[in-house]
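Engineer: Under the UniProt record's numbering, the residue at position 151 of the sequence shown is numbered 151, and the numbers go up by one with no gaps.
Hints were generated in silico from the structure; no laboratory data involved.
A portion of the hints provided could be inaccurate.
With a straight-line cut-off of 27 Å between C-alpha atoms, the simulated DSSO-like cross-links for lysine-lysine are [claimed, not checked]:
1. K200 with K142
2. K152 with K197
3. K78 with K18
If you anchor each label on the Cβ, the simulated ranges turn out as follows [what the hints assert, rightly or not]:
4. I201 with Q170: 40 to 48 Å
5. E43 with E175: 19 to 27 Å
6. K267 with D167: 18 to 26 Å
7. W278 with S31: 40 to 48 Å
8. I281 with Y149: 42 to 50 Å
9. G104 with Y149: 26 to 34 Å
10. E175 with K267: 53 to 61 Å
Ideal placement from N, C-alpha and C gives every residue a C-beta, glycine not left out.
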Amino acid sequence: MTEISALLKESNVKALEKYNENLDELKSRGSYVWVETGSQLQELAEVLSGERIFGVDVEHDSVRSFLGLTCLVQISTKREDYLVDAIALHDLMGILRPIFADPGICKVFHGADNDVLWLQRDFHIYVVNLFDTAKACHVLSKPQNSLAYLLKTYCGVITNKQLRREDWRQRPLPEEMLHYAKKDSHYLMYIACCVYKELKIQDLESSPCLNNKLTFVLEATSRSNATCLQLFSKVIEAYPGYSAASSIISRCHRDQGNLPSNFVNAKFHDLVSRLCAWRDIMVPKEEFGKTC
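The task is simple: from the sequences and hints, build the whole structure.
Structural biologist: Laid out in structure tokens, this is it:
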């Protein structure tokens with residue numbers, strides 16, 4: 001938290017100033033590395049420890065899973081794109097914790113509000129030193145702030161966002177989904193560099209009117225790093241299934257006029273509570289067991 005608080009006051013995105021990559025060369029890089037073993041993940045951690053900046057995206061399932069599940073983590077460096085099977089490596093993802101917590105490495109996300117919470121919830125990964133291209137868009141008053149808009153505007157790349165709604169738990173993933181996932185992180189550093197330059201230009205043009213401590217760059221980086229201060233908190237219930245049971249029982253009481261007079265009684269309350277508790281305990285175990 002101390003490192004993040006410091007970044008709210010003074011940005012650490014020097015890597016963006018030094019980043020330089022030709023867009024045509026970036027477009028020509030079509031390969032990716034599929035990471036699904038502990039040794040591969042350890043190798044990736046070693047590679048990332050030597051980087052000063054990398055792009056990150058997350059594919060998450062919240063429709064077909066009971067509690068929500070991080071299925072894939074995409075990480076792009078200047079040389080390579082990595083697709084990390086977060087289901088197969090669920091218990092080993094902690095290998096990446098020191099990398100994501102290193103304030104000397106800038107992590108570029110787009111719309112990171114949910115991503116940082118999912119990484120915390122599923123892997124206890126906390127992000128320090130984040131540059132969010134969506135936050136930069138807000139500061140620059142862009143007409144849109146979607147990644148699809150930025151990909152088209154800065155890279156001339158069209159992406160099929162419908163694929164985000166596909167089932168990312170399935171293995172093997174279809175090639176179309178793999179290339180879509182790679183694309184989401186592949187251009188992030190290039191886009192971040194473009195919007196960062198625009199922020200710098202705004203600072204230069206507005207400097208006579210602005211307090212030196214209030215700059216476009218600092219505003220964008222502060223908003224980005226404020227996202228890192230979010231903490232995932234699990235709702236603590238009196239017992240497993242309490243909320244669901246209370247909701248079901250409450251609805252039955254409201255509809256009691258259409259039910260037998262002895263239907264909503266103490267035995268009914270007990271059965272509903274037991275059933276919801278069983279579901280909340282067993283379904284996540286069963287679900288995760290099937291995805292591994």
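Engineer: Against this structure, judge whether each hint is valid.
Structural biologist: We went through each hint and held it up to the structure:
1. K200 with K142: 15 Å, holds
2. K152 with K197: Holds, because 18 Å separates the two Cα atoms, which is no more than 27 Å.
3. K78 with K18: Holds - the C-alpha atoms of K18 and K78 are around 12 Å apart, at most 27 Å.
4. I201 with Q170: 40 to 48 Å: With Cβ atoms ~44 Å apart, the hint holds.
5. E43 with E175: 19 to 27 Å: Check passed, 23 Å falls within 19 to 27 Å.
6. K267 with D167: 18 to 26 Å: 39 Å, violated
7. W278 with S31: 40 to 48 Å: Holds: the Cβ-Cβ distance is about 47 Å, inside 40 to 48 Å.
8. I281 with Y149: 42 to 50 Å: 43 Å, holds
9. G104 with Y149: 26 to 34 Å: 31 Å, holds
10. E175 with K267: 53 to 61 Å: Holds, since E175 and K267 (Cβ atoms, about 54 Å apart) stay within the stated range.
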